[in-house]
Amino acid sequence: MHLIVNQVFTGIVSGAVLVLLALGLNLIFGFMEIINFSHGAFFMLGAYVGFYLLTAFGSFWWGLALVPLLLLLLGAAVERTLIKPLYRRSAVDPLLLTFGLTYIVTQLVEMIAGKQGETVNAPSQLNFQLPLGFTSYPAYLTFVAVLAGLIVLGLWLLLERTSLGLIIRAGIRDSTMIQILGIDFDRFRVLVFALGIALAGVAGVLNSPVTGVYPEMGNDILITAFVVVVVGGMGSFWGAVLSGLVIGVLVSLTTLFASVYASIVPFVLMILVMTFRPRGLLGTT
Amino acid sequence: MSAVEAEPEPGSERASGPLHLLRLLWRGRAWNQLVLLLLVMVGLFFLVPDPSLAVEVLIYSLWAISLNLLLGYGGLVSFGHALYWGFGGYAAGLTLLHVTHSLWVALGASMALCGLLALGSGVVCLRRRDVYFSMLTLAFAQLGYFIAFEARPVTGGDDGLGNIPTPPLDLPGLSLEMHPIRDPLPYFLLCAGILFFAFAFALLYTESPLGRVLQAIRESEERARGCGYNTRLVQLITFTVSGLLAGLAGGLDAIFNGLEGLQPYWSLSGVVVIMVILGGRSTLFGSVLGALVVLVLEHYLSISFGDWPLIVGAVFVVCVLVFPQGLWGLVRLEPLGSWGAVAWTRRLRARLSREPGA
Numbered sequence: 000m001h002l003i004v005n006q007v008f009t010g011i012v013s014g015a016v017l018v019l020l021a022l023g024l025n026l027i028f029g030f031m032e033i034i035n036f037s038h039g040a041f042f043m044l045g046a047y048v049g050f051y052l053l054t055a056f057g058s059f060w061w062g063l064a065l066v067p068l069l070l071l072l073l074g075a076a077v078e079r080t081l082i083k084p085l086y087r088r089s090a091v092d093p094l095l096l097t098f099g100l101t102y103i104v105t106q107l108v109e110m111i112a113g114k115q116g117e118t119v120n121a122p123s124q125l126n127f128q129l130p131l132g133f134t135s136y137p138a139y140l141t142f143v144a145v146l147a148g149l150i151v152l153g154l155w156l157l158l159e160r161t162s163l164g165l166i167i168r169a170g171i172r173d174s175t176m177i178q179i180l181g182i183d184f185d186r187f188r189v190l191v192f193a194l195g196i197a198l199a200g201v202a203g204v205l206n207s208p209v210t211g212v213y214p215e216m217g218n219d220i221l222i223t224a225f226v227v228v229v230v231g232g233m234g235s236f237w238g239a240v241l242s243g244l245v246i247g248v249l250v251s252l253t254t255l256f257a258s259v260y261a262s263i264v265p266f267v268l269m270i271l272v273m274t275f276r277p278r279g280l281l282g283t284t
Numbered sequence: 000m001s002a003v004e005a006e007p008e009p010g011s012e013r014a015s016g017p018l019h020l021l022r023l024l025w026r027g028r029a030w031n032q033l034v035l036l037l038l039v040m041v042g043l044f045f046l047v048p049d050p051s052l053a054v055e056v057l058i059y060s061l062w063a064i065s066l067n068l069l070l071g072y073g074g075l076v077s078f079g080h081a082l083y084w085g086f087g088g089y090a091a092g093l094t095l096l097h098v099t100h101s102l103w104v105a106l107g108a109s110m111a112l113c114g115l116l117a118l119g120s121g122v123v124c125l126r127r128r129d130v131y132f133s134m135l136t137l138a139f140a141q142l143g144y145f146i147a148f149e150a151r152p153v154t155g156g157d158d159g160l161g162n163i164p165t166p167p168l169d170l171p172g173l174s175l176e177m178h179p180i181r182d183p184l185p186y187f188l189l190c191a192g193i194l195f196f197a198f199a200f201a202l203l204y205t206e207s208p209l210g211r212v213l214q215a216i217r218e219s220e221e222r223a224r225g226c227g228y229n230t231r232l233v234q235l236i237t238f239t240v241s242g243l244l245a246g247l248a249g250g251l252d253a254i255f256n257g258l259e260g261l262q263p264y265w266s267l268s269g270v271v272v273i274m275v276i277l278g279g280r281s282t283l284f285g286s287v288l289g290a291l292v293v294l295v296l297e298h299y300l301s302i303s304f305g306d307w308p309l310i311v312g313a314v315f316v317v318c319v320l321v322f323p324q325g326l327w328g329l330v331r332l333e334p335l336g337s338w339g340a341v342a343w344t345r346r347l348r349a350r351l352s353r354e355p356g357a
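Line by line, the protein sequences are chains A and B.
Under numbering that gives the first Met the number 0, the first residue of the first sequence carries the number 0, and numbering increases by one thereafter.
Under numbering that gives the first Met the number 0, the first residue of the second sequence carries the number 0, and numbering increases by one thereafter.
Just so you know, these hints were derived from the structure itself, not from any lab.
In this text the structure is predicted, and so the values were computed from the model without any measurement.
For every residue, glycine included, the Cβ atom is placed at its ideal position computed from N, Cα and C.
Misleading hints may appear alongside valid ones.
As the list claims (entries may be wrong) - Examples of chain B residues lying across from chain A (beta carbon under 7 Å, computed):
| no. | residue |
| --- | --- |
| 1 | V130 |
| 2 | N162 |
| 3 | F315 |
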């Protein structure tokens, strides 16, 4: 029984990381109609930057605080230099371009940091077991789930309660119309792209004590994040949250009972959803 | 790419029959490409010092052509083409290891398995369009990868399926022992022959009424559907044909190496996408060019610079940004006489002077 409860918690934690990635992908896709293939590469980059900040300052919290800011700037720079020239091209070209970017970023990190990867220690303040009545759970993992929940909540408030969010939501619904209304669409594209990249970076830092950092980490998780987006329904905020958690818990439980099938579960789920409900769990179109 | 010509209905008298297809092929510029392919093969034969590189170029060309049918002509960017390549290799390898010692049966098994696999996955993937389609193909490829990884008793897992015996080359009235490493010539000729016929088939396919409808769907699916075509069916047929050809290429590769290795299918699929885009997606010959350029780059860069994918990635990004039509888009044949370097440099200069994306 404990084992099952523990596995469910572990599933929620890995699901929370997936949710952060999927929300970034979803936001960028909804607003800019771009699938960001390099999302996983930025996840990995965030984890590495966090790791280097940890070794430089000796504290995990510096990494967690600075990585989003650094990746926000990097995301804006990438958008201006690489994505902007593709605005009027077909939706496939940005996909191809960001795929090439993944190649470059992964290779650069391999060149600089080596292929073998590093382990990252959880911050010492959270290095204990949290008692939960009949079972206990690592405090760091609980922290990951709580912080991810707060970020999701903050993002939702940003989208629903601020004028910035209003513009983003309007842009997702009809980008031509908000341009006609005289809104400088370009500036918001940079912002949304950078925001998505920053989310990926935070997810990378949060995940680094769990799996360590290694150059391939982004590619492994990116495909699952794609599956989460498709299963939840492209562009659906709560769909991504729901399917991220469901997939996280399902994978975690399959690992316990039939570990051979664990890596296949998300894809089977996706094929089922595509067959019986092509618009995704909470998708609208 | 010129606008799609109005073709007669597929069922009508004029459009049917292989003669009509041949006439279409003759009228179009497609024959040039077949001649160019032969030139490349002769060039590979005489100019490439490493015979295994020459054979790999032929096999990857076949794979790239199969993807180009989908990507260039159908506008369907598949990021999962390694699935058919890999499983084609397993089918050929397992057939040779456990069933028979016939080359043709092994390659037939590759094509049959991958055709079926593509048909099944195509039904699901083609439920969505554009980038959704790309993500679905990617997910299918990863699914196949994990299945191959876990089915260690059958596929050898991540050690790969090794010790695949090389079958003799059985032709009517002739049986040749083949040794890909010691004497690659027969295998080179075999691959060249298969590539030639596959290329001709792909040309016929794209010039056929079915292929024209496929291109019409790429330009505007709604309009094609409005004309009464079953767009899903056309795409599904193309997806199946494409998977089948990719399986053939994978089978040839596994037999050549005596090994079907396992690496993440997303990155393997990426390699062939890079080849198609870099070479130029608007013609089939572009894919051959892309395979040639990428493999030759890889061969010579990997000797001097361990992180050669960095350079390939950078070239690819520049290509998507500045030359979306790829290398072949720069040198594409005009109907008459612009073979010359003059037209080529003029086009290059025009490209470079224009603000990208403007």
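Each hint tested on the structure:
no.: 1; hint: V130; result: holds (4 Å)
no.: 2; hint: N162; result: violated (25 Å)
no.: 3; hint: F315; result: holds (4 Å)
Going through the hint list in order, the structure does not satisfy hint 2, though it satisfies all others.
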